[in-house]
Amino acid sequence: MELVSLRTDPNKLKRVARTMKTISHQSRLMIIELLLEKGKLPVKEIYEAIGISQSNASQHLKALEDVHVLGSFREGKNIFYYIQNRNIGSLLECINACVDC
Numbered sequence: 079m080e081l082v083s084l085r086t087d088p089n090k091l092k093r094v095a096r097t098m099k100t101i102s103h104q105s106r107l108m109i110i111e112l113l114l115e116k117g118k119l120p121v122k123e124i125y126e127a128i129g130i131s132q133s134n135a136s137q138h139l140k141a142l143e144d145v146h147v148l149g150s151f152r153e154g155k156n157i158f159y160y161i162q163n164r165n166i167g168s169l170l171e172c173i174n175a176c177v178d179c
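Using this note's numbering, read the sequence shown as starting at 79 and increasing by one per residue.
Rather than coming from a laboratory, the hints here were simulated on the basis of the structure. Since this is a predicted model, take the numbers as computed values, not measurements. Every residue, glycine too, gets a C-beta built ideally from N, C-alpha and C. Some hints could be false.
Stated by the list, open to error - Cβ pair distances, simulated, as ranges: (1) 96 to 134: 18 to 26 Å; (2) 88 to 169: 15 to 23 Å; (3) 96 to 152: 34 to 42 Å; (4) 129 to 177: 34 to 42 Å; (5) 90 to 177: 20 to 28 Å; (6) 146 to 121: 13 to 21 Å; (7) 165 to 86: 18 to 26 Å; (8) 162 to 92: 17 to 25 Å; (9) 121 to 100: 13 to 21 Å.
Said to hold, decoys possible - Subject to a maximum C-alpha distance of 25 Å in a straight line, what follows is the list of computed SDA-like cross-link-like pairs (lysine to any residue): (10) 140 to 98; (11) 140 to 129; (12) 155 to 99; (13) 140 to 104; (14) 122 to 95; (15) 99 to 177; (16) 92 to 144; (17) 155 to 167; (18) 118 to 145; (19) 99 to 163; (20) 118 to 162; (21) 99 to 118; (22) 122 to 155; (23) 118 to 106; (24) 116 to 132; (25) 118 to 104; (26) 118 to 92; (27) 99 to 129; (28) 92 to 102; (29) 116 to 83; (30) 92 to 154; (31) 140 to 95; (32) 116 to 158.
With the hints as extra help, turn the sequences into a complete structure.
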């Protein structure tokens, strides 16, 4: 693990901090977990599954897409979201392990 590079690369440090800040919301963590489990889902299924409004879900999905955690594509009238960065699952496993210590 290259943690030293964060001290020597200010741009990387900013990107890491932005990503961590973005994923640190309960609804966003639920979205990530749901998509890790299901693969890809349309917006409607995402907001119904985690119990938030469509507009709230759209804001969270956009934020996660902006930091490249999620990707999206259109299929007919639906926009589907999926995990773009497969490392996010490993990161959440590590965080869960730290919380359980």
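Hint compliance check: list the failing hint numbers for this structure, sorted ascending.
Numbers 3, 4, 12, 14, 17, 26, 29, 30 - these are the hints that the structure violates, sorted from lowest upward.
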